[in-house]
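**Student:** Take a look at the letters that make up each chain.
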Amino acid sequence: MLKFTKDHEWLRLDGEVATVGITDHAQEQLGDLVFVDLPTVGATFEQGAAAAVVESVKAASDIYCPVDGEVTEVNEAVAQEPGTINSDPMAAGWLFKLKIADKSQLDGLLDEAGYKAILG
Amino acid sequence: MTQDGTAGETAGEGTAQTTDAGAKRTPLHALHVRLGARMVPFAGWSMPVQYPQGILAEHRHTRAKAGLFDVSHMGQIALWPRSGGVEEAAKALEALVPADLVGLAAGRQRYGLLTTPAGGILDDLMISNQGDHLYLVVNAACAEADLAHLDTHLAKQCRIEPRPDRALLALQGPEAAAVLGALAPEVAAMRFMDARAVTIAGIPSLVSRSGYTGEDGYEIALPAEAAESFAETLLKNPLVAPVGLGARDSLRLEAGLCLSGTDIGPDTTPVEAGLGWSIQKVRRTGGLRAGGFPGAETIFAQLAEGAPRVRVGLRPEGRAPVRGGAPLFRDETGGAPVGSVTSGGFGPTVEAPVAMGYVTTADAVPGTRLFAEVRGKRLPVAVATLPFVPPRFVRP
Numbered sequence: 000m001l002k003f004t005k006d007h008e009w010l011r012l013d014g015e016v017a018t019v020g021i022t023d024h025a026q027e028q029l030g031d032l033v034f035v036d037l038p039t040v041g042a043t044f045e046q047g048a049a050a051a052v053v054e055s056v057k058a059a060s061d062i063y064c065p066v067d068g069e070v071t072e073v074n075e076a077v078a079q080e081p082g083t084i085n086s087d088p089m090a091a092g093w094l095f096k097l098k099i100a101d102k103s104q105l106d107g108l109l110d111e112a113g114y115k116a117i118l119g
Numbered sequence: 000m001t002q003d004g005t006a007g008e009t010a011g012e013g014t015a016q017t018t019d020a021g022a023k024r025t026p027l028h029a030l031h032v033r034l035g036a037r038m039v040p041f042a043g044w045s046m047p048v049q050y051p052q053g054i055l056a057e058h059r060h061t062r063a064k065a066g067l068f069d070v071s072h073m074g075q076i077a078l079w080p081r082s083g084g085v086e087e088a089a090k091a092l093e094a095l096v097p098a099d100l101v102g103l104a105a106g107r108q109r110y111g112l113l114t115t116p117a118g119g120i121l122d123d124l125m126i127s128n129q130g131d132h133l134y135l136v137v138n139a140a141c142a143e144a145d146l147a148h149l150d151t152h153l154a155k156q157c158r159i160e161p162r163p164d165r166a167l168l169a170l171q172g173p174e175a176a177a178v179l180g181a182l183a184p185e186v187a188a189m190r191f192m193d194a195r196a197v198t199i200a201g202i203p204s205l206v207s208r209s210g211y212t213g214e215d216g217y218e219i220a221l222p223a224e225a226a227e228s229f230a231e232t233l234l235k236n237p238l239v240a241p242v243g244l245g246a247r248d249s250l251r252l253e254a255g256l257c258l259s260g261t262d263i264g265p266d267t268t269p270v271e272a273g274l275g276w277s278i279q280k281v282r283r284t285g286g287l288r289a290g291g292f293p294g295a296e297t298i299f300a301q302l303a304e305g306a307p308r309v310r311v312g313l314r315p316e317g318r319a320p321v322r323g324g325a326p327l328f329r330d331e332t333g334g335a336p337v338g339s340v341t342s343g344g345f346g347p348t349v350e351a352p353v354a355m356g357y358v359t360t361a362d363a364v365p366g367t368r369l370f371a372e373v374r375g376k377r378l379p380v381a382v383a384t385l386p387f388v389p390p391r392f393v394r395p
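Sequences listed follow chains A and B, in order. Note that numbering that gives the first Met the number 0 has the first sequence beginning at 0, numbered continuously upward. Note that numbering that gives the first Met the number 0 has the second sequence beginning at 0, numbered continuously upward.
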């Protein structure tokens, strides 16, 4: 199941664990990424809390946690090579994995059609 | 995802692809759009922040070949003496700028500062001697205020002629001389900070060998109506790529060059900013035309005794960029700030984060380890000499 936030994060659910990243639209708007600050494994975040930071040449941007949860894994490869988020935002450019605390929050997120609609 | 910080020239950027309805457009606006630029509002103008190539590629292209920049948003002003020769205009402008302008030869350009009565900096500018008049290029964000300032103080001695009818292009990089020289052979013989009228492909232009990237290159003022076809001619050369404000900012940061209103302003003096070199000997204590500009007393005292704080380069030890506004500390915990970052980001040529800021003079020794506070964490940074990349000017 693939879900989106209006803030341009995506979330792909596999059982209890969700993989989180930023959308192609987001990476395009940010431009070339040069630094990623990932959360610590084991950290817990509430929905909407800043969980990671990505930085382009010219600006830093917060990445919000799409739902409440605990970080179970982070993508060390993008920390080494932030440009992966630009080249493959929906797959190899994932940021962190999250053990979801409350699955009902997923209902409040956008599906792909809904996300495409807000991009206009 | 929310952008929570912007840096340097792109400060004030709005949502991409949209611009303020009232934003002014440069003569190259249609060309930028055709090239696929992302237009953003900057200092009241709609400007290209980047083209489809992206900031990293545009930056590297400029250092490797030649980048073409539209800087038509900058203020261009001709200063004509009401009587006598150009030296009368130079003498008049020396009342506002602490540089040797009377001694500026025809065909030469010089960097200068407009100072405040407290010794601060209103704006920085380029001043060239065009033989019968001076030609000034000032920052877009300050252009209106600078004009009013000139009008208040110089209207009796000078006719102040804004030139919004002229576009301004910068061609920067190691191949700039070959590219422009193919259209106007005489520019090849120009040296760094030469400035003169040149006819390029039939277009009457003012060309200076200068720029804002640390690279060799030219700045070309030309009639607005001729700008688009001229830019297209340059872009036909495969050595030339269009470069936006994003890379302009990272290039000037690596070159250690100040952005007016960000790294220098009314609260910083020329001595603190490390720009004392722009006050030539003849304007200093004991010189033939010493003083006579706003803030001379404060600036002379600092030239003699040093300033309490100075602008330095900063190299973060890690990979995280340290941006403008970050406070600087001596220790990893506690203590009061000893300075702050004014500009910072990622240096594509250095391939690491770079920054500049002000620190107390005691902390300004290159190699000093300080800590920049970023998102609540103190990150180690080393005080470094500027520039981060060696300049490649063609010296006279």
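By construction, these hints were calculated from the structure, which means they are not laboratory data. There could be a bad hint or two in this list.
As the list claims (entries may be wrong) - Partial pick of chain B residues on the chain A-facing surface, computed with a CB cut under 10 Å:
1. MET0
2. ILE54
3. PRO173
4. ALA246
To be verified - Computed footprint of chain B on chain A; a stretch qualifies when at least three of its residues, placed anywhere within it, have a C-beta under 8 Å from a C-beta of chain B:
5. 25-36
6. 97-111
For each residue, glycine too, the CB sits at the ideal point set by N, CA and C.
**Student:** Could you run down the list of hints and mark each one as holding or not?
**Tutor:** Here is what the structure says about each hint:
1. Of the supplied interface hints, the one on B:MET0 holds, with its beta-carbon coming within about 5 Å of a beta-carbon of chain A, less than 10 Å.
2. Taken as an interface hint, B:ILE54 checks out: its beta carbon lies about 4 Å from the nearest beta carbon of chain A, inside 10 Å.
3. This hint is violated: B:PRO173 has a C-beta 21 Å from the nearest C-beta of chain A, more than the 10 Å allowed.
4. At its closest, the beta carbon of B:ALA246 sits 8 Å from a beta carbon of chain A; the interface hint therefore holds under the 10 Å criterion.
5. Proximity of the segment 25-36 of chain A to chain B, defined as three or more residues with a beta carbon under 8 Å from a beta carbon of that chain, is established by the 8 residues found.
6. Counting residues of the segment 97-111 of chain A whose CB lies closer than 8 Å to any CB of chain B gives 0, so the stated coverage by that chain is violated, three being the minimum.
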